[in-house]
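Use the sequences and the hints to build the structure in full.
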Amino acid sequence: MAAKTKARYGMSIDVDRCTGCGACMVACAVENNIPPAPEGATDRKGITWIRVYKIDNGLPFPQNRSAWVPVLCQQCGEHTPCVSVCPQNAVEVDKTTGVVGQIPERCLGCRYCMAACPYQARYFNWWDPVWPAGMEKTLNPTVSPRMRGVVEKCNFCHGRLHEARAKAAAAGRREIDPADYVPACVEACPAQAITFGDLDDRNSQVARESREGSAFHLLERLHTGPKITYRSGRPWVHDALEIKVANNKKEPVRG
Amino acid sequence: MKLARRDLLKLAGGAALGTFFTPAPWKALDDVSIWTQNWSWMPVPPRGEATTRFTTCTLCPAGCPVRARCIGKQPVSLAGVGGGLCPAGLAGHHLPHYPGRVRGASHRGTRCTMDAAVAAVREVAKGGRVAILDQRPGRTASLVYRRWLAGQEGGLYLTPPAREDATLVALGGGLAFNLDEARTVVSFGAPLMEGWGSMARVLESRPKFHLVQIEARQSRTASMADTWLPAKPGTEAALALGLAHLLGSQDAGRFTPEYVERITGVPAAQVRQVARRMKDAGPAVVIGGGDPAGPFNREEEQAIAGLNLLAGAMGRTIVPRAEVPVPAGFDKLAAETALDDVPDGGIRLLIIDEAASGNPVPWSYLKRKLAPGAMVAAAACSLDGYASHADYVLPAPVYMETAQDVPAACDSPAATFSMAPGLLAPPEETIEPADFVLRVAGEGGTLAELLKARVEAIHKTRRGSVVTYADGTATPLAEMASADDLAKAFKAGARWTDAGTSSEAPGIAFAAVDAAAIERRAASAQFPLALVPFGWRGAAGPVSPIFSKLYQESRVRSSEGEARLNPATAREYGILDGGLMVVETSCGSQAMTACLDEGVMPGVIEAAIEPGTGVLEICDVEDWCGWRTAPARMRRA
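Those protein sequence lines, which keep their order, are chains A and B. Each residue of the first sequence is one higher than the one before, starting from 1 at the first, in our numbering. Each residue of the second sequence is one higher than the one before, starting from 1001 at the first, in our numbering.
It should be emphasised that the hints constitute simulated quantities derived from the structure, not laboratory data. As the structure is a computational prediction, the values presented were derived from the model and not from experiment. Hints are supplied without guarantee of correctness; some may be wrong.
In silico SDA-like cross-links for lysine to any residue, where the CA-CA straight-line distance does not exceed 25 Å [stated by the list, open to error]: (1) Lys1488(B) / Pro1476(B); (2) Lys1208(B) / Pro235(A); (3) Lys137(A) / Pro1476(B).
In silico negatives: residues of chain B with every beta carbon more than 12 Å from chain A [to be verified]: (4) Arg1005; (5) Asp1007; (6) Asp1030; (7) Cys1086; (8) Val1124; (9) Leu1247; (10) Gln1250; (11) Asp1280; (12) Leu1309; (13) Val1324; (14) Gly1329; (15) Phe1330; (16) Met1480; (17) Ala1483.
For glycine and all other residues, C-beta sits at the position ideal for the given N, C-alpha and C.
See below:
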């Protein structure tokens, strides 16, 4: 039997476990060589491939309750909005992994994809990447820094995928070991709120969790087929999160 | 055929038009895109062989095992071993490049030599009344401080008042929490889900216990608790006495649930429910320390700690823990002194070990304890903290630059010992704070030598086992042939855990709680407005510049100068969301930006303690060393 070479990678995020510590954001920035913010950067222009949002149930004190939700590129599987609007073919869906990849070398910075993304999960480089003196030595060699004027976003740590593939190839395997390919945010989460894996493998933890009754997708009515599933036993979380994402104040297009 | 000028023009025009139908312009566009990604000023990541090394994080008391991916000797990413890491731990390898790093010894802003600093401090130390503020007690460096202070006239060994083990200290010390056995955890503001003890251990035990969080703020822990009791700021001890009353304490006769409701605002039925749970739902434990925002006072700590005795926690969820063996020569050690026991003006020389971050103490409070003309020497890696007030600033190495030992966290039932080997070379002029004290004392030796001696002392016990981080294998210490083998294991990343724990209750006789003092304080705590500071573990010290992701670029953590208010409170004072406001206390005022949040208790102003905001400095520090809440006013700016 031929080894399985195709996968459909996805994530399951347990909102009830997330403590909102932000470890996923820091791990993502370290892994993907995202620089610290320049002085003028705000939450509208900052680059956080994964961003933790605070939501609440809208009730007054003391009934008010908060939750924290990491939002990243939802890796749309159908009608991927950013792919269809890019004039440069700088956004591609990898058929072998299902990962929506951003190719900064092709990107012209028109930001159509940012306007098209309903999840506001794409980020524009408003500044050249600069690290404090000496900190360049700590950059991850498997990921190139991007320059001013291009869009970037989560790609499920493609550097780690390449490393896992190289390791599999070195061992004479066609298929990667799932333990070798874990995105940085998943590895970093102290609360183990994020699960990652192949959604096509029905026995994988991520596939099982994605089928749970408390699981939902963001902006499901848009039929974009996201591969990120959220889970929460608190009914208000779903609505509060949709409102938060829809009202996101992130700077999409204007300069 | 005759070529006319017109034909040439036609050819040029046709060629230009035709070019658009070839791949050339698109290729040129593509290439331009690629070239413009590769300007000379674009940083180039290091190249080289990738290796994996292990260490132990020293940035907070949790002491998490760390796997470092290195290119050459340089760590380029960090990850937890068998679990995640906190944001500070994940970016710990950035600290050697912290932009505000202290690069050389200085005397009041002027560079000086280390020898001059040592000589000056030694001279002042001869006059006695010397104190050392140790931000991270329990290390081998702490032993160095305590040994030297024991020989000094009026030597004071000080530790930060807001400690994670405050409840255990109030119970007499030599104890540890055992959350694994707990079925009910009652936390008085302890940030269990944000950073307390070992996060991995807390999260592992979390499904087993019901968490009751007693706190005015809707902290992350309060949000994730099974029950959140938002007691008014400053009335937590009254609630503790209310629970004590229901658990049968004689000291808390007046504190009926209804009386407690009047003081704290927590419904009597909920107080009864929690007390019932503590009695009937399996072993309970009560935790009352570790809030980076500030400590409880002694009466409050005693009331909280006393609940553990009433709930039968001793020997079950609070267990005795042996000390990690100490090498010879440390027989006489100075005892810990509480900061509020130090008379005002009682210190002539204050040395601060700021290299290991701890929960901050307002400088105004420390200053009160200094005699006129007292000298302050701070061993620090940045000028963000106490070092900005010090006469002598000594550049200290940061995490990963020198070998450090990591004592057990307060929730480790067994004594443990691990090391953080120096993965990187420290800058030339830095000095380990303990080495500075050894030089001042003229005792000779270095911390590195003492660490070696401590490893030998552990090896001599032949007890317990050593777990290596790389593969998780446990080796009985008795099977390690020599202390050198043990030292090698620590350098490669390992943790020694003492064998077993005693289930024997230590038989602590608890001091009677001063209920009247608690009642007086709770009654006086009914402020029209209360400023309640809050903070994050480790955020008081230098953090990686990448933390802009948390503060500036996402605001997942409150930014500098941000005050959180209930919309009703804001309306009352005419303050708008995002508007500027001024918060005033008896100690000063601070301009802040209002952030309206329904999760904030009406009448409360929540403000983050971050380096640079000065929030801590406008908190009213009471005589008992407390600043958890301060009466405040506010107005629109």
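Tested hints:
1. Lys1488(B) / Pro1476(B): holds (15 Å)
2. Lys1208(B) / Pro235(A): Since the Cα atoms of Lys1208(B) and Pro235(A) sit roughly 24 Å apart, the hinted pair holds (cutoff 25 Å).
3. Lys137(A) / Pro1476(B): Given that 25 Å is the threshold and the Cα spacing comes to 39 Å, the pair is violated.
4. Arg1005: Given that every Cβ of chain A is farther than 12 Å from that of Arg1005(B), nearest at about 38 Å, it holds.
5. Asp1007: holds (36 Å)
6. Asp1030: It is violated; Asp1030(B) is separated from chain A by about 7 Å at its closest Cβ, not greater than 12 Å.
7. Cys1086: Non-interface label on Cys1086(B) violated, nearest chain A Cβ at 6 Å vs cutoff 12 Å.
8. Val1124: holds (35 Å)
9. Leu1247: holds (24 Å)
10. Gln1250: Non-interface label on Gln1250(B) holds, nearest chain A Cβ at 32 Å vs cutoff 12 Å.
11. Asp1280: holds (25 Å)
12. Leu1309: Since the minimum Cβ distance to chain A is about 30 Å, Leu1309(B) lies beyond 12 Å and the statement holds.
13. Val1324: holds (26 Å)
14. Gly1329: holds (39 Å)
15. Phe1330: holds (35 Å)
16. Met1480: Check passes; 30 Å lies beyond 12 Å.
17. Ala1483: holds (34 Å)
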